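Enquirer: Take these sequences, add in the hints, and give me the full structure.
Chains E and F, in that order, are what the protein sequence lines are. For the first sequence, our numbering begins at 1 and goes up steadily by one. For the second sequence, our numbering begins at 1 and goes up steadily by one.
None of these hints come from the bench; they were simulated from the model. Bear in mind the structure is a predicted one, so any value in this text is a computation, not a measurement. Built from N, CA and C at the ideal position, the CB exists for glycine as well. Be careful, since some hints might not be right.
Stretch-level coverage of chain F by chain E, calculated; a stretch enters the list once three of its residues show a Cβ under 8 Å from a Cβ in chain E [claimed, not checked]:
#: 1; region: 58-72
#: 2; region: 158-166
#: 3; region: 176-184
#: 4; region: 205-216
Protein chains: 2
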Amino acid sequence: MRVVVPFDATNPKTRLAPFLGADERDALARRMLGDVLASVDALDATVEVVSTAPVGLDPLFDHVSVTADDRPLDAVVDDAVADTVRRAREPLVVVMADLALATPAALARLVDTEGDVVLVPGRGAGTNALVVRTPAFRTDFHGASFLDHRRAASDVGATVEMVDSFRLSTDVDEPADLVEAFVHGGDRTREWLTARFELDVERGGRVSLARRPGGTD
Amino acid sequence: MRVVVPFDATNPKTRLAPFLGADERDALARRMLGDVLASVDALDATVEVVSTAPVGLDPLFDHVSVTADDRPLDAVVDDAVADTVRRAREPLVVVMADLALATPAALARLVDTEGDVVLVPGRGAGTNALVVRTPAFRTDFHGASFLDHRRAASDVGATVEMVDSFRLSTDVDEPADLVEAFVHGGDRTREWLTARFELDVERGGRVSLARRPGGTD
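Expert: Pasting the structure below:
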């Protein structure tokens with residue numbers, strides 16, 4: 001089993017601006033990547049970060065290979081399907097780098113789910129993670145990709161399963177998502193967020209994050 | 001086992017205004033309640049809707065009792081804990097009426113999870129569902145209720161477990177949540193939404209819903 005973690009090292013998390021500055025978005029994206037890799041580590045798998053630009057990882061992840069590849073995500077993943085599923089006849093697992101709530105248990109549920117294609121929906125009909133066990137499957141990560149992936153799997157006669165996990169369905173793209181990472185996220189992400197933010201409990205609305213007076217810049 | 005489904009029949013889903021008019025919010029809230037009851041039906045449980053005002057249910061749910069009780073949610077649930085857990089020595093399950101994505105399988109995972117208190121977080125650190133098996137537990141549904149409930153359970157020496165389910169963690173409170181109900185929701189909710197809305201795939205942002213030209217009023 002091979003796990004690919006796509007990472008945008010160039011201009012990560014643009015939809016968190018202007019809530020977070022560019023340096024903050026970069027730092028948070030790396031914290032979330034670290035938390036994802038720490039959880040992926042518990043799987044018995046070869047792990048590869050495919051980054052839009054070269055990126056250094058914590059020495060803890062020395063065994064993880066990093067490939068710089070600035071092509072669109074569809075091309076990267078389709079090539080990985082060809083390499084892994086067609087040629088090596090192993091399952092390919094794709095886990096997005098911003099799943100700050102991922103845990104070993106949630107990822108174990110993902111890879112233990114049978115099916116030619118196993119999908120984890122993201123918020124807004126996106127796709128946050130998938131397992132591909134048939135070489136005929138092609139990805140399309142634009143727009144309502146969960147629906148597109150479900151259709152693409154059906155079109156090639158593949159069986160499709162969905163994994164029901166709040167932890168894996170929560171990607172951190174928009175300011176409102178930061179609350180989930182603050183409350184339920186991995187250690188690296190939570191440490192970074194709690195140094196800078198606190199919960200803001202507004203009457204009648206959902207809880208959000210607010211800058212902590214005297215918090216880390 | 002007793003399942004309580006609290007329902008706001010008075011002015012439901014205020015945070016969906018102005019995206020939906022008052023009549024629409026009322027209709028959608030009833031559709032979601034129907035989907036929740038249909039999924040709850042698969043559990044071997046006594047089911048009760050506790051509504052802020054009298055509400056009629058589909059004849060399909062003739063076996064579900066409806067109680068009108070306009071007290072705050074904390075008082076309603078704490079009384080249900082006393083009746084069910086302390087007196088009848090049965091587990092009490094609370095499932096919010098806006099969990100349009102709930103399925104029998106997701107609810108089965110909830111009630112099969114061991115623990116004195118079992119929590120399902122909602123978006124923004126809320127609480128979407130819980131199982132109470134200790135009479136000492138008191139609820140507090142305001143603000144970051146997931147954190148408060150976890151603390152309240154610890155304070156009385158209760159074991160706490162969390163259920164990791166996208167379907168149960170997705171409550172439909174804000175316009176952005178409607179996409180999840182549109183894509184993954186139960187039949188009643190999806191039928192109502194698809195007659196009025198379509199997916200709006202905006203470049204670079206999350207997918208949202210837009211009024212369908214010629215859709216049902």
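Enquirer: Each hint should be assessed against the structure and marked as holding or not.
Expert: Here is how each hint holds up against the structure:
| no. | hint | result |
| --- | --- | --- |
| 1 | 58-72 | violated (count 0) |
| 2 | 158-166 | holds (count 3) |
| 3 | 176-184 | holds (count 5) |
| 4 | 205-216 | holds (count 4) |
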